[in-house]
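Peer 1: The primary structure of each chain is shown beneath.
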Amino acid sequence: KAGVTQTPRYLIKTRGQQVTLSCSPISGHRSVSWYQQTPGQGLQFLFEYFSETQRNKGNFPGRFSGRQFSNSRSEMNVSTLELGDSALYLCASSAVSGVLDKETQYFGPGTRLLVL
Amino acid sequence: KNQVEQSPQSLIILEGKNCTLQCNYTVSPFSNLRWYKQDTGRGPVSLTIMTFSENTKSNGRYTATLDADTKQSSLHITASQLSDSASYICVVSAMNYGGSQGNLIFGKGTKLSVKP
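Which chain is which? The protein sequence lines are A and B, in order. Numbering follows the numbering used here, with no gaps: position 84 of the first sequence is 84. Numbering follows the numbering used here, with no gaps: position 105 of the second sequence is 105.
Distance ranges between label pairs, derived from CB positions:
1) A:A2 / B:S58: 27 to 35 Å
2) B:A79 / A:R63: 42 to 50 Å
3) A:T80 / B:T78: 47 to 55 Å
Derived by calculation from the structure, the hints in this document are not laboratory data. Every value quoted in this text rests on a predicted model; they were computed, and no experiment measured them. All residues carry an ideal CB built from backbone N, CA and C; glycine is no exception.
Could you build all of it, start to finish, from the sequences and the hints given here?
Peer 2: Right, here's the structure in full:
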């Protein structure tokens, strides 16, 4: 079974631009969660989508948004990029909700975003 | 404020030795606690997930304990191997007070180096 895939793997943007990242979950998984990882803050939870609905949410500003399609693929969008948005963005998939349920999440390799 | 603190920040041990990593949390309401292993340059891999009622969970040479009264967890690694060199991250899942949504609170991780 193929693992979680994320595209692109690397991305360079400038301040003020917007960016869209994509995540394809493991076949059959309905939940996709997104995370930001920086050296200073470590891993932080952005949000989780389940069956095309945002189910859980972390403490990020509205510039960070996402959506999930009927095939469970998910996209994350960051608008009006700031230098501090430079980070590794990870997505994870699970069969059911990966936040409140006792469900193993499987992580993708991440997209490394650099904002100049 | 919901927080997860891990100690030590870093640890060096010799191959074959045992070690214990600590996680203290002030997350409420508590849903579950997870330990992840993250190799450099890769996404995290789930080791264990424990709910309020579980005291111990094992996954091969990894054993996690949870004391929900003192809000402490530990991850014990037995007979360490060179491949155990990684960051180990403690994550606590919190429910919102309505019980309908959750958030994941991450510790900063313990960086373990196993030397031959």
